[in-house]
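Q: Residues per chain, in single letters:
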Amino acid sequence: GAVVSQHPSRVICKSGTSVKIECRSLDFQATTMFWYRQFPKQSLMLMATSNEGSKATYEQGVEKDKFLINHASLTLSTLTVTSAHPEDSSFYICSASKAFTGELFFGEGSRLTVL
Amino acid sequence: GENVEQHPSTLSVQEGDSAVIKCTYSDSASNYFPWYKQELGKRPQLIIDIRSNVGEKKDQRIAVTLNKTAKHFSLHITETQPEDSAVYFCAASILGGNEKLTFGTGTRLTIIP
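So the sequences go chain by chain: A and B. Residue numbering for the first sequence follows our numbering, starting at 5 and increasing by one per position. Residue numbering for the second sequence follows our numbering, starting at 998 and increasing by one per position.
Calculated from the structure, these hints are not laboratory results. Where a beta carbon is used, it is the ideal one built from N, C-alpha and C, also for glycine. It is possible that some hints are incorrect.
With a straight-line Cα cutoff of 30 angstroms, these simulated DSS-like cross-link-like pairs (lysine-lysine) come out [stated by the list, open to error]: (1) B/Lys1065 <-> B/Lys1034; (2) A/Lys45 <-> B/Lys1068; (3) B/Lys1039 <-> A/Lys18.
Not close to chain B: a few residues of chain A, all C-beta gaps over 10 angstroms, as computed [claimed, not checked]: (4) Val15; (5) Thr36; (6) Leu48; (7) Glu56; (8) Gly57; (9) Glu67; (10) Phe95; (11) Leu108; (12) Arg115; (13) Val118.
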């Protein structure tokens, strides 16, 4: 099956710093990648849709200047949490859409803790 | 946009019995309905999916049914085992459209040995 790798799996940072999370599709090209945030005991909430070579589309209520998304190639999308604060602590998961099947493949997730 | 509701939020079932989780969706254009199993701290794993051109799909102990008219779909797990304990999410999307998944709120399933 298709593999999506996400890195880092865990990150702890100080308040006010920026953190970058990478999402890679290892064995297929992903024209579209999605970024989700999941708080404890809650569902996955879509933050943004990332399309290769174009600006990301953010969901309502998600600050695009705080959560910078770059989809520079067909296999890599990055999420940068800028000026992180404790309330940004969460589990961030990416997924990649495989063309024509609609099936989503999820990364392992990145647990961000902001002190 | 799409809105997916899921019930129940928690479900406890004796080992060997069946479990049923139900979801409703709002967007009649949605045509793809996957179910995911998520263990604590891990990524969601696709366990079964159904497209709008069929009413039922089965894979061993797991089955999904879809009622397009009523806009609801259900997950059925038979002969439950302790390893079925996890959080289950339903989702809906439009294949051939923006393909973004909208997730239900999740069901925490506990299998009692």
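Q: Work down the list of hints and note, for each, if the structure agrees.
A: Hints versus structure:
A threshold of 30 angstroms between alpha carbons decides the hint, and for B/Lys1065 with B/Lys1034 the separation of about 23 angstroms falls inside it, so the pair holds. Distance hint between A/Lys45 and B/Lys1068 is fulfilled; the C-alpha atoms sit about 26 angstroms from each other, no more than 30 angstroms. In summary, the hint linking B/Lys1039 to A/Lys18 is supported, as the alpha carbons are separated by about 24 angstroms, within the 30 angstroms threshold. Separation of A/Val15 from chain B is adequate, the least Cβ-Cβ distance of about 14 angstroms exceeding the 10 angstroms criterion.
Listed as a non-interface residue, A/Thr36 fails to keep its Cβ farther than 10 angstroms from every Cβ of chain B; the least gap is roughly 6 angstroms. Taking the minimum C-beta to C-beta distance to chain B, about 5 angstroms, the non-interface status of A/Leu48 is violated against the 10 angstroms cut. For A/Glu56, the requirement that its beta carbon stay farther than 10 angstroms from each beta carbon of chain B is met, with the minimum near 14 angstroms. Every beta carbon of chain B lies more than 10 angstroms from that of A/Gly57, the smallest distance being close to 17 angstroms; the non-interface claim holds.
With 10 angstroms as the threshold on Cβ separation, the claim that A/Glu67 sits away from chain B holds: the shortest Cβ distance comes to roughly 19 angstroms. Distance to chain B contradicts A/Phe95 as a non-interface residue, since its nearest Cβ pair spans about 8 angstroms, not more than 10 angstroms. The beta carbon of A/Leu108 is not kept farther than 10 angstroms from every beta carbon of chain B, the shortest such distance being approximately 6 angstroms. The claim that A/Arg115 lies off the interface is violated: its Cβ sits roughly 7 angstroms from the closest Cβ of chain B, which falls inside the 10 angstroms cut-off.
The claim that A/Val118 is not at the interface with chain B holds, since no C-beta of that chain comes within 10 angstroms of its own (minimum 18 angstroms).
Of the numbered hints listed earlier, those contradicted by the structure are 5, 6, 10, 11 and 12.
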